[in-house]
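Trainee: Let the sequences and hints guide you as you build the complete structure.
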Amino acid sequence: MTAVATGEPVATVPPARPQSAGRRRLINSVWGLVAWIVGIVFVFPVIWMVLTSFKQEQDAASNPPTWFFTPTLDQYSLVFDRNITPFLLNSLMASVFSTLLVVLLATPAAFALSLRPVEKWTDVLFFFISTKMLPIVAALLPIYLIVKSIGMLDNIWTMVILYTSMNLPLAVWMMRSFLLEVPREILEAGEVDGASLLTSIRKIILPIVSPGLAATALICFIFAWNEFFLAVNLTATNAGTAPIFLVGFISSEGLFLARLCAAATLLSLPVLIAGWVAQNKLVRGLSMGAVK
Amino acid sequence: MTDVITRVNRRAKPQVPPVRRNSKERWARRAPLLPALIFAIIVTQVPFVITLVISTLQWNALRPGQRHFVGVENYGAVLTDARLRAALLNTVLLTAGAVIFSIILGLVLAILLDRKFIGRSVVRTMLITPFLVMPMAASLLWKHAIFNPAYGLINGLIGGQTDWISDYPKSAVIATLVWQWTPFMMLILLAGLQSQSEEVLEAARVDGANVWQIFRKMTIPHLRQYLELGALLGSIYLVNTFDAVFAITQGGPGTATTNLPYEIYLTTFRKFEYGEAAAAGVVVVILTIIVATFALRVISSLFRMEESR
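Top to bottom, those sequences are chains A and B.
Okay, so the first sequence: first residue is 1 according to my numbering, each after it adds one.
Okay, so the second sequence: first residue is 293 according to my numbering, each after it adds one.
Hints are supplied without guarantee of correctness; some may be wrong.
[What the hints assert, rightly or not] Restraint ranges, calculated between C-beta atoms of paired labels, are given here:
| hint | chain 1 | residue 1 | chain 2 | residue 2 | range |
| --- | --- | --- | --- | --- | --- |
| 1 | B | Arg516 | A | Leu104 | 33 to 41 Å |
| 2 | B | Gln542 | A | Pro71 | 31 to 39 Å |
| 3 | B | Ala378 | A | Phe69 | 38 to 46 Å |
| 4 | B | His360 | A | Ala214 | 47 to 55 Å |
[Claimed, not checked] Footprint (simulated), chain B over chain A, 3 or more residues, beta carbon under 8 Å:
| hint | region |
| --- | --- |
| 5 | 62-71 |
| 6 | 282-291 |
[Claimed, not checked] Calculated from the model, a selection of chain B residues having no Cβ within reach of chain A, i.e. all distances over 12 Å:
| hint | residue |
| --- | --- |
| 7 | Leu354 |
| 8 | Val362 |
| 9 | Gly368 |
| 10 | Ala369 |
| 11 | Ala378 |
| 12 | Val384 |
| 13 | Leu385 |
| 14 | Ser463 |
| 15 | Thr547 |
By construction, these hints were calculated from the structure, which means they are not laboratory data.
If you're wondering where the values come from, they're calculated on a predicted model, not measured in any experiment.
Glycine included, C-beta positions come from ideal geometry on N, C-alpha and C.
Mentor: Right under this line is the structure:
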C-alpha cells in the first residue's frame with residue numbers, strides 16, 4: 001500500500017515546480033516501461049504455457065528451463081489422439097446453447113426492469129443478484145439428486161440449463177445497464193411518430209444495444225466454458241466438458257508437462273479470444289453493470 | 293435470503309412514482325419478465341428448499357434404509373466437527389488472502405495503467421489474460437510448470453529443491469488465485485480511477501496540492517466504493533474456490549487447504565453423508581448471506597448514484 005503511494009508522486013507531475021515538457025515525457029515513458037515490464041511478468045506463465053506446448057517432453061521437464069528448442073506440434077497431435085474433440089464439442093454446445101438461452105430470457109426481462117419498468121423492479125433486480133451470490137456448493141446435493149432421479153446425469157442439456165441459471169443474473173443486470181443508455185428522447189419521438197412497440201424495439205433499441213448484447217453473450221460464454229464444479233460432479237464420459245479433460249493431469253506420472261500445456265492452451269483459446277474481444281465491456285459484466 | 297435482500301434495498305426504492313394502471317396493462321408489462329423470473333426461481337430456489345429438508349435427515353446414501361428425521365442434529369454435528377471447523381478457517385484464510393493481495397496488486401497495476409504510454413492497450417490485454425485462462429488449466433499450470441520441485445519454473449530460475457506445494461500449501465493456492473484475480477480487481481479500480489473528474493484534480497493542483505495529498509485526500513476516498521465492490525465481489529466468487537484446491541492440493545497435506553466447498557464435496561461424494569453435507573451447505577449459505585448483505589449495500593449505493601444522475 002505505502003509502496004504504491006510513495007511510488008506515485010514521481011509518477012504524476014508535481015504542480016509546485018512546473019517541469020519542462022521533455023522531462024515530463026521522460027517520466028511518463030519511464031513509467032510506461034515499468035508498466036510493460038510488469039505486464040510481461042504477469043502474462044509470463046501464459047507465455048510459458050504456450051512455449052512449453054511446442055516442446056518435446058524432455059525439454060519441457062528440464063532443469064534449468066529450456067529457452068531455445070525446435071518447435072514441434074507433436075503434443076497437439078497427441079492431445080487429439082487422446083480424444084479431446086468430444087470434450088471441446090460438449091463445452092461448445094453447453095456454452096453456446098446456454099448463452100443463447102440466457103440472452104433470450106435476460107433481454108426481455110432487462111427491458112421490463114429498465115425502459116418499461118414493472119412495479120417493485122428494484123426488488124426483482126436484487127432477487128436476481130441474490131441468486132448469483134448463493135454458493136453453488138449448497139445446491140449441489142439436491143441438484144445431483146434431482147438430475148439423477150430424472151435420468152439426466154452425464155447429459156449436456158443438464159449443463160445447458162444449469163449454466164443458464166448461473167449466468168442469468170449477470171446478463172439481466174448487464175443488459176439493463178445497456179438498455180438504460182438508450183436515450184429517452186429518441187424513444188419518445190418514435191412514440192409520437194406512431195411507431196409501435198415492436199418497431200421501436202427493432203429500429204431504435206436493438207441497434208443501440210447490440211454491442212452490449214454481444215459483450216453480454218461473450219461474458220456468459222466465458223463463464224460457461226470455464227465452469228468446473230458442476231461439470232466434474234454431474235458429467236462423466238458422455239457429456240464431459242473441456243475442464244474435465246484436464247482432470248487426468250492432476251497427478252500424472254512420468255513426462256506429461258508439454259502435453260498438459262498443449263491441452264491447456266487449446267482449451268483456453270476460445271475464452272482468451274472471447275475475452276480479448278469483449279475486454280472493454282468486461283468490467284461492466286464482472287461488476288453486474290455497477291461499474292461502467 | 294430474500295428477506296435480507298428486501299430489507300437492504302428498501303432504502304434504494306425507485307424514485308419513479310407508482311402510477312395506477314389497470315391489471316391488463318400491468319400484466320403486459322410483467323410478461324417479458326416472467327420467463328426469466330420463473331426460470332430463476334425454479335432452478336435456484338427449489339434446490340435450496342430441498343437442501344433445508346435434507347439437512348434435517350439422518351441420511352447416508354450407503355445405508356438408504358435408515359433415512360429418518362433428526363431435526364437439528366446434523367447442525368450440531370457440523371458445528372462441533374473439527375474437520376469442518378478447520379475447513380471454515382481455511383476458507384476464511386484462503387479467501388481473505390487472495391482478496392487482499394489481489395486488491396493491493398490490482399491497485400498498483402491500475403495506477404500504472406491510468407496514464408498514457410505507448411502500447412497501453414497491449415499491456416492491458418496482457419494483464420487481463422490470466423483472468424481468462426481456464427481456472428482448471430491455470431491451476432494445473434501453476435502446480436506442474438511453476439511449483440514442481442524438479443522441473444518447475446521457480447526452482448529452475450532460483451535453484452534449490454523446495455517442494456512449494458507441500459511446504460507452503462496455502463500460499464501456493466493463494467498465489468495461483470491472486471494471479472487469476474488481480475486482473476479483475478485492476479479492471480474495477482481502473483474504472484474507478486478513470487471516473488475521477490479531471491477538472492477537480494486540476495483545480496486541486498492549481499491550488500497547490502501535491503501528488504501525495506491528491507492521492508490520499510481525493511483519489512482514495514473516491515476509490516473507496518470501488519475497493520469495497522472489488523473486495524466483496526471477489527469474496528463472493530472466491531469463497532466458492534474449488535478448482536484450485538481440487539487440482540493443486542486435493543485439500544492437503546492433511547486438511548491444510550481443505551476449504552468448505554471441497555469439504556462438502558468430500559462429505560457428499562466420498563462419505564455419502566447427505567444429511568451432514570446439506571447442513572454444512574446451509575451454514576455456508578448463512579455465512580454468504582452475511583457477506584452478500586454488505587455487497588448489496590455497496591451495489592445499491594452505486595446504483596442510487598446512477599439513478600440520481
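Trainee: Look at each hint and say if it fits the structure.
Mentor: These are the hints, each one checked on the structure:
Taking 33 to 41 Å as the suggested C-beta distance range, the pair Arg516 (chain B) and Leu104 (chain A) conforms, at roughly 38 Å. For Gln542 (chain B) and Pro71 (chain A), the Cβ-Cβ distance of about 34 Å falls inside the hinted range of 31 to 39 Å, so the restraint holds. At about 44 Å, the CB distance of Ala378 (chain B) to Phe69 (chain A) agrees with the hint of 38 to 46 Å. Look at His360 (chain B) against Ala214 (chain A): about 53 Å separates their beta carbons, and that is inside 47 to 55 Å.
Under the rule that three or more residues need a Cβ within less than 8 Å of chain B, the assignment of the region 62-71 of chain A holds, with 4 such residues. Only when three residues or more bring their CB closer than 8 Å to a CB of chain B does the claim for the region 282-291 of chain A stand; here the count is 7, and the claim holds. No beta-carbon of chain A is positioned within 12 Å of the beta-carbon of Leu354 (chain B); the least distance is around 15 Å. With a cut of 12 Å on Cβ distances, Val362 (chain B) stays outside the contact zone with chain A, its closest approach being about 16 Å.
No beta-carbon of chain A comes within 12 Å of the beta-carbon of Gly368 (chain B); the shortest separation is about 18 Å. Against the 12 Å criterion, Ala369 (chain B) stays outside the reach of chain A, whose nearest CB is about 16 Å from its own CB. Residue-level check passed: Ala378 (chain B) sits 17 Å from the nearest beta carbon of chain A, beyond 12 Å. With a cut of 12 Å on Cβ distances, Val384 (chain B) stays outside the contact zone with chain A, its closest approach being about 14 Å.
The claim that Leu385 (chain B) is not at the interface with chain A holds, since no C-beta of that chain comes within 12 Å of its own (minimum 17 Å). No beta-carbon of chain A is positioned within 12 Å of the beta-carbon of Ser463 (chain B); the least distance is around 16 Å. Once the 12 Å rule is applied to beta carbons, Thr547 (chain B) is consistent with being away from chain A; the minimum gap is 17 Å.
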